[in-house]
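Number of protein chains: 2
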Amino acid sequence: MSMYEPLKGFRDFYPDEMEARREVIDTIESVVRRYGFREIGTPALEPAALFIDKSGPEIVEELYSFTDKGGRDVVLTPELTPTVARMVAANHQAMSKPIKWYSTRAFWRYEEPQQARFREFYQTNIDIFGSSEPEATAEILACCGDLLTALGLADDDFEFRVSHRDILSELVEWIDADADTGEAIRAIDRTDRATHAETVTELVDAGLDEADADRIVTLLEDASSDLDILIDETDHPSLHDAIEQLIAVLDATRDYGVREHCSISLTTARGLDYYTGVVFECFDTQGEVGRSIFGGGRYDDLIEGLGGPSMPAVGVAPGLAPITQLLKRADVWPVEAQETDYYILVVGDTRAVAAQIARQLRGEGYVVENDVMDRSFGSQLEYADSINAKTTIIVGERDLAEGMITVKDMETGEQTQEPVDAFLK
Amino acid sequence: MSMYEPLKGFRDFYPDEMEARREVIDTIESVVRRYGFREIGTPALEPAALFIDKSGPEIVEELYSFTDKGGRDVVLTPELTPTVARMVAANHQAMSKPIKWYSTRAFWRYEEPQQARFREFYQTNIDIFGSSEPEATAEILACCGDLLTALGLADDDFEFRVSHRDILSELVEWIDADADTGEAIRAIDRTDRATHAETVTELVDAGLDEADADRIVTLLEDASSDLDILIDETDHPSLHDAIEQLIAVLDATRDYGVREHCSISLTTARGLDYYTGVVFECFDTQGEVGRSIFGGGRYDDLIEGLGGPSMPAVGVAPGLAPITQLLKRADVWPVEAQETDYYILVVGDTRAVAAQIARQLRGEGYVVENDVMDRSFGSQLEYADSINAKTTIIVGERDLAEGMITVKDMETGEQTQEPVDAFLK
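As given, the protein sequences belong to chains A and B, one line each in that order.
Residue numbers are given in the working numbering: position 210 of the first sequence equals residue 210, and the series is strictly consecutive.
Residue numbers are given in the working numbering: position 347 of the second sequence equals residue 347, and the series is strictly consecutive.
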């Protein structure tokens with residue numbers, strides 16, 4: 001038993017679990033790369049100002065922040081967006097648009113750990129800069145759909161609830177310009193799965209009169225299957241703009257093959273203030289993972305707000321912890337086990353030949369282990385078993401005198417003698 | 001121009017450079033995995049005590065250390081060894097031996113940045129726990145040799161200078177038990193490429209008499225080609241133990257196919273105090289990269305010293321920055337360029353078909369981009385060029401009316417018409 005422990009909210013990953021995590025990360029990244037997203041590398045530590053200027057000074061309370069030995073106020077980065085904004089701002093003139101970037105790495109927040117929330121957490125950031133077209137948002141959604149499918153999820157395991165962050169507020173404003181829009185939206189948020197009447201009551205509590213409240217709830221219900229109704233029944237240009245942007249994205253998702261995964265959910269309004277247009281959240285269709293798996297959307301003002309050029313942007317950042325929850329719920333989390341193609345078992349003075357066979361097989365791309373413990377036959381076989389070796393090659397002195405080795409299939413236990421030359425090309 | 005900069009000693013990696021770095025990391029990790037090393041994941045932040053107990057309180061001055069919001073003294077990890085020691089200690093009973101772990105990640109030190117040294121730096125840690133046999137050290141060396149070769153280096157681009165950390169000190173002690181061993185070793189270190197006479201002078205300055213000094217230098221010269229001489233000409237059991245351990249490792253490197261990369265260099269004594277036996281450093285044979293590329297060796301006491309079980313260990317941690325220097329010196333650093341298999345160019349109202357072709361090709365594993373900017377023919381072609389697309393597929397309305405698309409080879413400029421069905425299986 002060690003006298004040391006990892007810090008609260010930080011995790012050690014041992015090989016079995018890491019093998020599964022690596023498989024998931026590799027799958028996600030391979031899909032993302034096929035969409036033409038390019039990997040970037042970014043610092044773990046940034047000037048605190050980069051985050052304070054984006055989110056206000058109170059953000060520091062939720063971060064690992066400190067003053068470094070040179071007197072700089074720094075933070076362990078809680079998210080990637082300010083960093084990529086900085087990088088885009090510094091070099092955008094030299095780069096062709098769209099700029100499509102991804103990266104997978106750890107981030108840190110000083111928050112109370114809870115289920116699937118850690119102080120150190122991993123996510124893959126996927127962003128497109130320089131396009132304000134609906135195709136860019138549709139591509140992000142299509143990429144998310146593809147990567148979840150590639151992870152083994154079925155079409156009915158997940159859905160993207162798509163919205164536009166202005167629709168709710170513009171609708172409330174059009175119905176009753178004097179209403180407290182924020183309070184009304186929170187009322188609707190609270191009643192995500194409530195009945196019509198319950199939501200009306202909440203809205204009345206939020207200060208709307210009953211007829212207006214009823215009208216909002218009815219319109220939202222109708223619009224969730226057909227957004228045109230919301231255009232036909234209202235007369236408010238900024239509301240219509242938002243609806244039309246959402247319709248354009250949904251039309252593009254049809255062409256991009258991801259429309260079937262998208263549902264209209266006008267009450268989805270991502271918490272982050274920097275979103276500017278169409279937003280979405282991925283949910284477990286079965287509801288077992290209660291919270292949003294991940295979210296994303298358009299943030300057209302942020303780069304400029306952080307001192308950069310005017311630069312539309314859309315992105316998403318799936319986190320490994322909630323994805324793990326979803327994959328386990330759907331029973332498609334990879335097997336947590338190490339895999340080994342060959343164990344080379346040394347009997348007697350055969351180390352040179354055994355090592356040569358190992359080299360040969362590694363050169364062919366196999367995962368190969370051999371004895372580095374000077375152990376007995378039995379102990380070596382036990383170890384081969386413990387690392388899930390598919391095949392053990394037994395290199396014995398007597399066999400070798402006749403130019404032979406023994407190949408043991410570790411699953412069936414079947415053994416065959418083969419000429420050693422077959423393994424020394 | 002942005003108002004923000006990365007912190008001093010921290011780096012942003014844009015896609016072109018990152019593509020090359022990723023290729024290098026992938027190559028290293030693929031070789032390491034074939035040796036049966038298993039990936040682990042580890043925290044960026046650890047309790048400061050873990051490092052103070054290993055290296056003394058003064059280490060904190062070189063680290064990013066701070067007190068977190070819960071009052072814990074923490075550090076951004078400057079190296080992996082204490083963390084893996086902690087992990088081994090916590091779970092060694094459940095794990096079969098040898099424990100073979102690797103991981104690639106960033107570490108942090110608050111030091112003055114200089115050429116190829118950064119405050120945030122990346123390295124791949126490769127360790128074997130549980131074996132004190134020479135084969136374990138030989139396997140680490142063989143793995144290093146293979147990964148450097150896999151990176152494109154020629155046999156004469158690099159060498160491993162192998163030593164045993166006790167040989168020098170035991171030799172000095174045997175020659176003159178009253179000499180200041182530390183001072184004598186530093187004298188020898190300082191004169192790494194000096195003449196015989198210069199080294200003798202340094203040793204005399206360090207307090208040895210001239211005959212003893214001359215004898216040490218002669219023995220070291222002779223031993224570098226034949227360690228047996230050092231055994232024959234001395235009579236000091238603990239010196240002989242160290243020499244025999246070194247000989248055993250060198251013998252094993254012969255069987256493991258890496259002996260040709262190893263030279264005996266008894267003046268190589270890795271700076272880190274925790275090494276206990278055979279140590280080595282990788283050098284640029286051409287000497288252009290002046291410093292050691294990376295080093296490693298046996299550290300049999302550290303796990304126990306950190307509160308764990310008695311557990312022999314041997315490891316190495318190649319850093320990406322010095323490896324980059326060596327690969328560039330040898331002119332085998334990967335091309336820093338993005339690669340794209342297909343760009344799908346949309347002309348007119350063909351988005352749905354273009355997107356379907358993109359989906360099909362991505363499903364076959366290709367890197368594919370299409371228009372998310374609503375751009376003209378010429379702008380799209382320019383963009384396809386900027387992302388180094390090998391092939392552009394032009395999906396035009398008129399072509400499509402006849403069931404055809406145009407395939408343009410971006411290198412030759414050659415265009416052929418093909419049936420669209422060939423891309424929609």
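These aren't lab readings, by the way, just hints derived from the structure by calculation.
Even for Gly, the Cβ is constructed at its ideal location relative to N, Cα and C.
Honestly, I wouldn't trust all of these hints.
[To be verified] To be clear about the criterion: a stretch of chain A counts as covered by chain B if any three or more of its residues have a C-beta under 8 Å from a C-beta of chain B, and this derived list gives those stretches:
1. 5-13
2. 122-132
3. 199-211
4. 251-263
5. 288-296
6. 402-411
These are the hints, each one checked on the structure:
1. Coverage of the stretch 5-13 of chain A by chain B holds in this model, with 8 residues showing a Cβ closer than 8 Å to a Cβ of that chain against a need of three.
2. Coverage of the stretch 122-132 of chain A by chain B holds. Counting CB-CB distances below 8 Å, 3 residues qualify, and the rule asks for three or more.
3. Chain B is given as covering the stretch 199-211 of chain A, and this is violated because 0 residues of the stretch bring a CB closer than 8 Å to a CB of that chain, at least three being needed.
4. Coverage of the stretch 251-263 of chain A by chain B holds. Counting CB-CB distances below 8 Å, 5 residues qualify, and the rule asks for three or more.
5. Counting residues of the stretch 288-296 of chain A whose beta carbon lies closer than 8 Å to any beta carbon of chain B gives 0, which falls short of the minimum of three for the stated coverage.
6. Evaluation of the coverage hint for the stretch 402-411 of chain A: breached, as 0 residues show C-beta separations to chain B shorter than 8 Å, against a requirement of three.
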